[in-house]
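Asker: Put chain U on the given structure of chain D with help from the hints.
These protein sequences, in sequence, are chains D and U.
Numbers 1 to 319, taken from the working numbering, label the letters of the first sequence in order.
Numbers 1 to 416, taken from the working numbering, label the letters of the second sequence in order.
Don't read these hints as lab results, they were simulated from the structure.
The reader is advised that the hints may include incorrect statements.
When the alpha-carbon atoms are kept at most 30 angstroms apart in a straight line, the in silico DSSO-like pairs for lysine-lysine are as follows [unchecked claim]: (1) K75(D) to K53(D); (2) K214(D) to K315(U); (3) K264(D) to K214(D); (4) K14(U) to K210(D); (5) K214(D) to K228(D); (6) K45(D) to K75(D).
One-letter residues, chain by chain:
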Amino acid sequence: MHNPQLNANGELTHLLSIEGLPRAIITQILDTAASFMEVSARDVKKVPLLRGKSVFNLFFENSTRTRTTFEIAAKRLSADVINLDINKSSASKGETLLDTIDNLCAMHADLFVIRHASSGAPYLIAEHLQRAGRDDIHVVNAGDGRHAHPTQGLLDMYTIRHYKKDFTQLRVALVGDILHSRVARSDIHALTTVGVPEVRAIGPETLLPKHLDKLGVRVFHDMNEGLKDCDVVIMLRLQNERMAGALLPSAGEYFRHYGLTPQKLALARPDAIVMHPGPMNRGVEIHSEVADGPQAVILPQVTFGIAVRMAVMSIVAGN
Amino acid sequence: MKIEIGNGRVIDPKNGVDRSNASLYITDGSVAGIGEAPPGFVADQRIDATGCVVCPGLIDLGARLSSIEAELAAAVAGGVTSVVVPPDADPPLDEPELADRLVHRAADIGKARVLPLGALTLGLQGERLAELAGLKKAGCVAFSQAGKTVVDTEALLRAMEYAATFGFAVWLQPQDHWLARNGIAHEGEVASRLGLAGIPVAAETIAIATIVQLVRDTGCRVHLTRLSSAPGVALAARAREEGLPVTCDIGIHHLLMTDNDIGFFNPHARFNPPLRSEGDRQALSAAAAAGIAAICSDHTPVGADDKLLPFGEAKPGATGLEVLLSLMLRWAELTGVLLPAALACVTSVPAAVLGLPTGNLAVGAAADVCVFDPAAVWQLTAAALKSQGKNSPWLGCPMMGRVKATLVGGRVVYPA
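Isolated chain D, as found in the complex (with noise of 0.2 angstroms):
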């Protein structure tokens, strides 16, 4: 089958997903990403990479902060942003999906940034650009449903691989609601590739996909288990909507049994790191003393999301 995300040549471009992307392209991503670091601690925070390119973020689903970041890293390439919240324009209106990026298209944009409550939408979208014959513009999802958020896997690789070095002796736990979570699914596809050899995930039934063990994930219910001896620990949000169904009884009964405490933390190794992709709930997945601990390493996360999306992007529109 076709990778919509590969061109013809095997270059990234489109950045839908973390599966089916070969391993040489994450390693040049975070190649990337680590040469653009340095642009950040200047005083003129620009490359002109993306000079006279029009980036559009189309955000279907609300959010600051994967928003913000892209329109920074965009930015810092020298691109034009467009911000679009759709929720409250065209969708509104009744204009279909495809009529909204049409319309975009004719504007002459370069690179649309999406994120999007239904999994898949991204798909759809470069599937069309591509029968429209459009090879010149790009896609980066942002976040699709329960399906992908590749940035934030691979920021988060950027992370594991700052603070670890080697993929390949590693034990990463993800600890939470992994069934409605594109982070974890991204997470997964990501670890797997880049060859870390035990990824875990620890949770309750009612939070984990089926068969994740065919994605090569080991399955933990008790935390205590499955946090032990663990180099990486990332937590997952847990939106409060979860409580209103038979998931889960109540935030206080989650948090005894899969919030992380410094008790449990102790459990994996001494020089693990804690990450998660935000925004965090306090008291839910994650006490605050580990939250503000020395292990956490939650705020360089987003520092170097920012140089991953630019890697992103700079690859994608470059390609």
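Answerer: Leaving out everything else, chain U in the frame of chain D:
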């Protein structure tokens, strides 16, 4: 009017007929003989079937007619001579007048026979009973909820009791409302990977278990539509072995595709019920091969705009009437099912479900006939379809087997 369909391979699965280089003789709308011309037979019209298969016209147990005219033209172009129409039209077929109008309109068009299913409940809401006897009188062959579920089990029990009172059959698509309501794909590895909300197999098995128990209690005759899972067909087969009046069918796409075919969110691979795993597909295939389940097209024309959406927002279903025969031949070839047994799944088996005298070529039977060239290859394109539904996961693919002529009641309705 006397017609001779000459020099073909005449296959009548029900009567065990499979004769090469034989002629089918038709007199005044009925089959008059196979092989040897009846005494004094002089053909008014001769159709050359050299290299072709001559078989009973296909009986499709599920085809939605978005536009009656276009879809009935599509039916006969696909060799389908009878179509069972589910009641989930707009408005739902829940009043005798609506059924009456559909039957008359179909008769005026004069292509395939239309066998409407009446709504079991008003507006398919699953609450109040529709006027079943009135609908029956207007031409409905059975009663159904189409893809909707009767959520209230008491309402289902009463509906089946009432239907049993009159000896009416009830057709149900077994799907537990609660387990299926938020799902968009089979709950399995693919849905987990793609982040699509899953519909577990238990949605089907729980519903079948409930329905089968109610069949035991009421004696109501039930046809289970569009089975999708291995445990589902196993439950249906067990009910039959128990001697319960339960039959079932499978949509053709479920015999050829699995959830893997969703690929990169292909909206054409969205179906209701969802495409399931390879193990499920194999069990469905075995049930069809064993003659336990009929095969139908589950023809669902969907506008182009309704498929140009993210997977979970796209409407489920695919066009089916014009590809049923070709896909059925593809399935037979893949699984090694012999042509007569494969044809039974779309002729005699569905006729038995409906209790109809058609679906065979016995002398005296209505001459509903399909003549097709099994070796002809054509490419499926939107332009090649008469149906308004151009939605198919097979667009661009080569299709094997092409209909050469279709007769309904001894009238050549295709080519027109």
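Asker: Which hints from the list above does the structure break, by number from lowest to highest?
Answerer: Violated: hint 4 alone.
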